[in-house]
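Residue-level listing of the chains:
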Amino acid sequence: DVKVTQSSRYLVKRTGEKVFLECVQDMDHENMFWYRQDPGLGLRLIYFSYDVKMKEKGDIPEGYSVSREKKERFSLILESASTNQTSMYLCASSPTVRGEKLFFGSGTQLSVL
Amino acid sequence: GENVEQHPSTLSVQEGDSAVIKCTYSDSASNYFPWYKQELGKGPQLIIDIRSNVGEKKDQRIAVTLNKTAKHFSLHITETQPEDSAVYFCAASRRGDSWGKLQFGAGTQVVVTP
Numbered sequence: 001d002v003k004v005t006q007s008s009r010y011l012v013k014r015t016g017e018k019v020f021l022e023c024v025q026d027m028d029h030e031n032m033f034w035y036r037q038d039p040g041l042g043l044r045l046i047y048f049s050y051d052v053k054m055k056e057k058g059d060i061p062e063g064y065s066v067s068r069e070k071k072e073r074f075s076l077i078l079e080s081a082s083t084n085q086t087s088m089y090l091c092a093s094s095p096t097v098r099g100e101k102l103f104f105g106s107g108t109q110l111s112v113l
Numbered sequence: 001g002e003n004v005e006q007h008p009s010t011l012s013v014q015e016g017d018s019a020v021i022k023c024t025y026s027d028s029a030s031n032y033f034p035w036y037k038q039e040l041g042k043g044p045q046l047i048i049d050i051r052s053n054v055g056e057k058k059d060q061r062i063a064v065t066l067n068k069t070a071k072h073f074s075l076h077i078t079e080t081q082p083e084d085s086a087v088y089f090c091a092a093s094r095r096g097d098s099w100g101k102l103q104f105g106a107g108t109q110v111v112v113t114p
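For the protein sequence lines, the chains are L and P, in the order given. So for the first sequence, our numbering puts the first residue at 1; every next one is plus one. So for the second sequence, our numbering puts the first residue at 1; every next one is plus one.
Treat each hint with caution, since some may be false.
Stretch by stretch, here's where chain P covers chain L in the computed footprint (C-beta under 8 angstroms, at least three residues) [unchecked claim]:
| no. | stretch |
| --- | --- |
| 1 | 17-25 |
| 2 | 71-84 |
| 3 | 105-111 |
The calculated lysine-lysine pairs, modelled on BS3-like cross-linking and capped at a C-alpha distance of 30 angstroms, are [claimed, not checked]:
| no. | chain 1 | residue 1 | chain 2 | residue 2 |
| --- | --- | --- | --- | --- |
| 4 | P | Lys71 | P | Lys58 |
| 5 | L | Lys101 | P | Lys37 |
| 6 | L | Lys57 | P | Lys37 |
| 7 | P | Lys22 | L | Lys18 |
| 8 | L | Lys18 | P | Lys101 |
| 9 | L | Lys101 | P | Lys22 |
| 10 | P | Lys101 | P | Lys22 |
| 11 | P | Lys37 | L | Lys55 |
| 12 | L | Lys57 | P | Lys58 |
| 13 | P | Lys42 | L | Lys101 |
| 14 | L | Lys3 | P | Lys71 |
| 15 | L | Lys101 | P | Lys101 |
| 16 | L | Lys70 | P | Lys57 |
| 17 | P | Lys101 | L | Lys3 |
| 18 | L | Lys70 | P | Lys101 |
| 19 | P | Lys71 | L | Lys101 |
| 20 | P | Lys101 | P | Lys37 |
| 21 | L | Lys71 | L | Lys3 |
| 22 | L | Lys53 | P | Lys57 |
| 23 | P | Lys71 | L | Lys57 |
| 24 | L | Lys71 | P | Lys101 |
| 25 | P | Lys71 | L | Lys71 |
| 26 | P | Lys37 | L | Lys3 |
| 27 | P | Lys42 | L | Lys3 |
| 28 | L | Lys13 | P | Lys42 |
| 29 | P | Lys68 | L | Lys53 |
| 30 | P | Lys68 | L | Lys3 |
| 31 | P | Lys57 | L | Lys101 |
| 32 | L | Lys71 | P | Lys22 |
| 33 | L | Lys55 | P | Lys42 |
Here are some chain P residues pointing at chain L (derived, C-beta under 8 angstroms) [what the hints assert, rightly or not]:
| no. | residue |
| --- | --- |
| 34 | Tyr32 |
| 35 | Gly43 |
| 36 | Pro44 |
| 37 | Ser93 |
| 38 | Phe104 |
I should point out that these hints are in silico values taken from the structure, not numbers from a laboratory. By construction, the Cβ of each residue, glycine as well, lies at the ideal position given by its N, Cα and C atoms.
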C-alpha cells in the first residue's frame, strides 16, 4: 500500500521559532508537494519539488522554505513562525509533475502561539 | 490564474438519497478535473477524475459530469451511505501549465444521516 508519512500529527510552537515539518513517501515519486488547508479556503499550494534539490514556489510561498535532499523526503520549513501560519499542513506526492493523482499524508495540525 | 468555486459548503442527505456537488472554473484552458474525498483525521484521497475530452465518467456509485461551455463540473453520489460522510474537494488544472498548478475549491462537508 502506497504511503506518505508526515512526522507529526499535532505540533505546538511559539512565535518566532523555526519549525520543520517532515514528509516521507515510499512510492519512488519524483514529485512532492506541500499544501496548506484552511477552512473555507480549500487547499493552497505552498511549494513543490520535481526532483532532488529542485523546487518551485506555489501560490503562497511567503514565510516558508523547503528542502529536498533525498528523493523520498521533502521538508517544509517555517523560518520564523507567526500566528497566521497556524494551519493544517498536508504533504503529497505524485507520479506526474502537474500534480495529477496526488497521494496525501494525514496532515500536521500546527498551532503557533 | 484559475479560480475554482465550489457549492454548497455543507450538504446533509438522508441515507439512500443522492448528493450533488457543483464546481465552476474560470480558465477555459483547464482540462483536468479531479475530486478528492477527505475523511476525518485523514488526508484527501483521489476518488475520480475527468479530462476535458470526456463529458461524463462513472465509478460505481460516483459520477462526474463536465460542461465545458458553461465551465462547470459536478460530482454525483447515488445511494448515499454513512461512509460517504466526508469533505469533498474539486480541483482544476490545465495541460501545459507549469508544475503542479492544481487549484482546489473550498470544499463541501457532506453528512449522510441514517
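Hint check:
no.	hint	result
1	17-25	violated (count 0)
2	71-84	violated (count 0)
3	105-111	holds (count 3)
4	P/Lys71 x P/Lys58	holds, 19 angstroms
5	L/Lys101 x P/Lys37	holds, 13 angstroms
6	L/Lys57 x P/Lys37	holds, 25 angstroms
7	P/Lys22 x L/Lys18	violated, 40 angstroms
8	L/Lys18 x P/Lys101	holds, 27 angstroms
9	L/Lys101 x P/Lys22	holds, 20 angstroms
10	P/Lys101 x P/Lys22	holds, 21 angstroms
11	P/Lys37 x L/Lys55	holds, 27 angstroms
12	L/Lys57 x P/Lys58	violated, 35 angstroms
13	P/Lys42 x L/Lys101	holds, 16 angstroms
14	L/Lys3 x P/Lys71	violated, 34 angstroms
15	L/Lys101 x P/Lys101	holds, 13 angstroms
16	L/Lys70 x P/Lys57	violated, 37 angstroms
17	P/Lys101 x L/Lys3	holds, 22 angstroms
18	L/Lys70 x P/Lys101	holds, 23 angstroms
19	P/Lys71 x L/Lys101	holds, 22 angstroms
20	P/Lys101 x P/Lys37	holds, 19 angstroms
21	L/Lys71 x L/Lys3	holds, 14 angstroms
22	L/Lys53 x P/Lys57	violated, 38 angstroms
23	P/Lys71 x L/Lys57	holds, 27 angstroms
24	L/Lys71 x P/Lys101	holds, 21 angstroms
25	P/Lys71 x L/Lys71	violated, 37 angstroms
26	P/Lys37 x L/Lys3	holds, 17 angstroms
27	P/Lys42 x L/Lys3	holds, 12 angstroms
28	L/Lys13 x P/Lys42	holds, 22 angstroms
29	P/Lys68 x L/Lys53	violated, 38 angstroms
30	P/Lys68 x L/Lys3	violated, 34 angstroms
31	P/Lys57 x L/Lys101	holds, 16 angstroms
32	L/Lys71 x P/Lys22	violated, 37 angstroms
33	L/Lys55 x P/Lys42	holds, 26 angstroms
34	Tyr32	holds, 6 angstroms
35	Gly43	holds, 3 angstroms
36	Pro44	holds, 5 angstroms
37	Ser93	holds, 6 angstroms
38	Phe104	holds, 4 angstroms
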